[in-house]
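What follows is the residue order along each chain.
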Amino acid sequence: MNELLRRLLSLPPQASRMARDIDMLHYFVIGVTMLASFLVGVVAWTFIVRYRQKAHQEVTVRVEAPLAFEVPMIVGVLALFLLWWAIGFRQFIEISTPPPHTLDIYVTAKQWMWKFSYPEGPSAVEELTVPAGRPVRLIMTSRDVIHSLYIPALRLKQDVIPGRYVTMWFEADKPGTYPIYCAEYCGVSHSRMRGRLVVLSDEDYGVWLAASEAQAVAPRDTDGVATPSDSNLRSVGQAVAVRRACFACHTVDGQRHVGPTWRGLYDSKVKLTDGRTVVADEAYLTKSMMEPRADVVLGFNPVMPSYHAVLSEPETAALVEFIKSLRDAPVAPGVVLPPVETRPEP
Amino acid sequence: MSAMSPGLVPQGGVLSVPPTFVNDDESIRSWLLTTDHKRVGVLFFVSTALMMALGGAFALVLRIEHLTPERTIVDALAYNRLFTMHGVVMVFLFMIPAIPGAFGNFLVPIMIGAKDVAFPRLNIASFYFYFVGAIVVLVAMQAGGLDTGWTFYTPYSVQSPSAVVPTLIGLFIVGWSSILTGLNFIVTIHTMRAKGLGWMRMPLFVWSIYGTSIIQVLATPVLGLAVALVAIDHGLDWGLFDPARGGDPVLFQHLFWFYSHPAVYIMILPAMGVVTEVVCTFCRKNPFSYRAIAYSSLGIAFVGFLTWGHHMFVAGLSVFDAGAFGILSMLVGIFSAIKVFTWVGTMYRGSIAFKTPLLYVFTFLFLFVFGGMTGIAVATTSLDVHWHDTYFVVAHFHFIMVGGTLTAYLAGLHYWFPKVTGRLYSERWGMLAAALVSAGFFVTFFPQFLLGNAGMPRRYYDYPPEYQTLHVISTVGSWVLASGMILTVTYLAWALKSGKRAGNNPWHSASYEWLTRSPPPPHNFDDTPAFVSDPYDYTETGRLSHE
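Order-wise, the sequence lines are chains R and S.
In this text, residue positions in the first sequence follow the numbering used here: the first is 1, and each later residue adds one.
In this text, residue positions in the second sequence follow the numbering used here: the first is 1001, and each later residue adds one.
Read the hints as simulated data drawn from the structure, not as lab findings.
Don't take each hint at face value.
Stated by the list, open to error - Pairs of lysine-lysine residues, derived as DSBU-like cross-links and limited to a Cα-Cα distance of at most 35 Å, are as follows: (1) R:54 - R:271; (2) R:54 - S:1497; (3) R:269 - R:110; (4) R:54 - S:1500; (5) S:1115 - S:1500; (6) R:110 - R:54.
Put together the whole structure using the sequences plus the hints.
Laid out in structure tokens, this is it:
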């Protein structure tokens, strides 16, 4: 049944459980839509034939819609629409909420290519390789205009916005190769900004990763900055931190300095000077590099300069990855850490 | 006729040629400097119809380009410019001004028994704002090669070297036309109704124009603001939408859709008013529920302002916001559903004359329900993630804008053609053209739903070859649609010169605009009108009061 409807509606293959769930709602909504417009057409046509004019300037009787007809109609339609909303929104929450322990891949979009960088080191243009049966999270940004990563086989799409890090997660369960498109108009070669999603079985993925790491030779990006494919993303991040003098103010071993330490920062709850509490996720870390005075940590002075247009996107991604790796880094002797309140595991 | 004016020249009067708004002063100067709302309506009609022809020509080239996956007749840059021009011309220069500017201007004062609109000079000014703005937009797009799409998304529109600024200046000017037209209608409807004509007895077309006018006045300034900000960013380099300098590219989308979603209702609400009038006249029936249609117009006008976020479900909106905008979008859909029930209910126990306008309305009903419910479908958050920015969305809004607004526009054009010109079009050619337009439309746009399902993104010059079959069907459909339109222009032009004399009320409608002569006299009525009858009364009492 699923296969028949999928083909009738010319939907692409379903490469995840979520895609199948969304298609079920799709069949429901589109089925009712077709039925409703067909019914309205049939009823209107029946009236046109049944009540066709029989005499010139014929007189008709006055008919007013009875409330007993109007109210159930309106309530019925509203209930149907709200049911769709409820099912759809539940699915939307699910596709917007990544599970813990995802495999993170950094995506950089620019006119007109997709670049995928792995924490283990390798990076690839146009081809996104992922293991089947494992949740994958894409952490994405754009270097120029708005793009949109669209994978029809997963029924997923996310706008990729310059100056922001947005995420999208999925768990593909059917090995195969599926198209990736850019769905947000981005200039003359918009329709050429395509790529491929390659879903491999877990073993094949391990083989692919080992081979890619071995092959990772150091290509230079156009602006001469080391790209994450130079080596391990974390060590690139550490190098970036040295180059950009981050350590002048931040420590990695829990010691207090001009700025908060990076040790144990990732995923912790941070109290801000304005009374808010935020979770130090990738978005917070990135925002704090770009707009450091927006969320100042309680007890520190707003002295950090903005690194907007200073750090390239791959550098930012590498730094974030480096800070994440310090979550459980060793603590300097003599330092007593305050109890860190971490986000509870869902 | 006794209801209003014993002084009317009887139908087919032969004593002398009475003055009409057409033959009163036939000089070109008097047309160009007119303050007569009927002539302003005709000026709007002619210019918006030319814009539709232009926008349609762009669309035909786009469709031909898609006959093959790679280059067919134009290159990628020309393609991007063509879809931009198609969108800008159709949305801003045809759809938004067409029905309020042409039909609204011609009919609203007559329908409420006024001699003109409240501000006649502002009315002709509104036309010239439109005219000048349209020329600026067209010249800028043609000379500068605008390629941003009609949505002007930042930061692309700020970085694009094309003529973004002059085009936006043109749109800013056109916006003034929209605001002034809306303002004029609101004041006219509030203050100039004939003695005894209460709000709940106005023809429902007036209600739909009233709802539209509220949106035009409230929403258009926000578009003006949004395009001004882009122009400033582009010209003066302030970095408002540039994240590298603390700007936010997504801010533009909020401002743009805060106007452009209600603008969809500017395009469809007057069309709904036309459908109501046509259904009642050709079924000789009172509307199934007057209040339901009147209040749902207002409901659409207000709730329509709260749904813009459903264009941005994948643009980085928070999950909570997506849910909120989703549920509000469901609510606005209800008002349209109420109207559909009421139109179909109006047909029940009517006396139905199946003429060209009603054939268009039949097409409208089917396409509007399908188009409207696919709108509910794309407002369903999880489904929208797949459909957003694909051909599914293209098909959805063409079902509403072409299947809905354009068919209603053609229904109204045929319905009021005798009112404006005093002549009848050929019913036989009319039915044939309506059948061609309806079939052509369906063949053009239904395959685009399937293309969207299959994952074909919009604004794609090249496409993977597996999409070709559906593209070819769609292109063939566009030729059928175009042939229907060309046929319509031909027989209407012929009827304008040589059609049979229509008499004052060829459809025997009870609605107020038919109480005066066709074409109407320069000041609409030969005598001060007093509307005592009900505009939708086709019962025995109604017949007595009309004839």
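Taking the hints in turn, this is what the structure says about them:
no. : hint            : verdict
1   : R:54 - R:271    : violated, 79 Å
2   : R:54 - S:1497   : holds, 32 Å
3   : R:269 - R:110   : holds, 33 Å
4   : R:54 - S:1500   : holds, 24 Å
5   : S:1115 - S:1500 : holds, 28 Å
6   : R:110 - R:54    : violated, 67 Å
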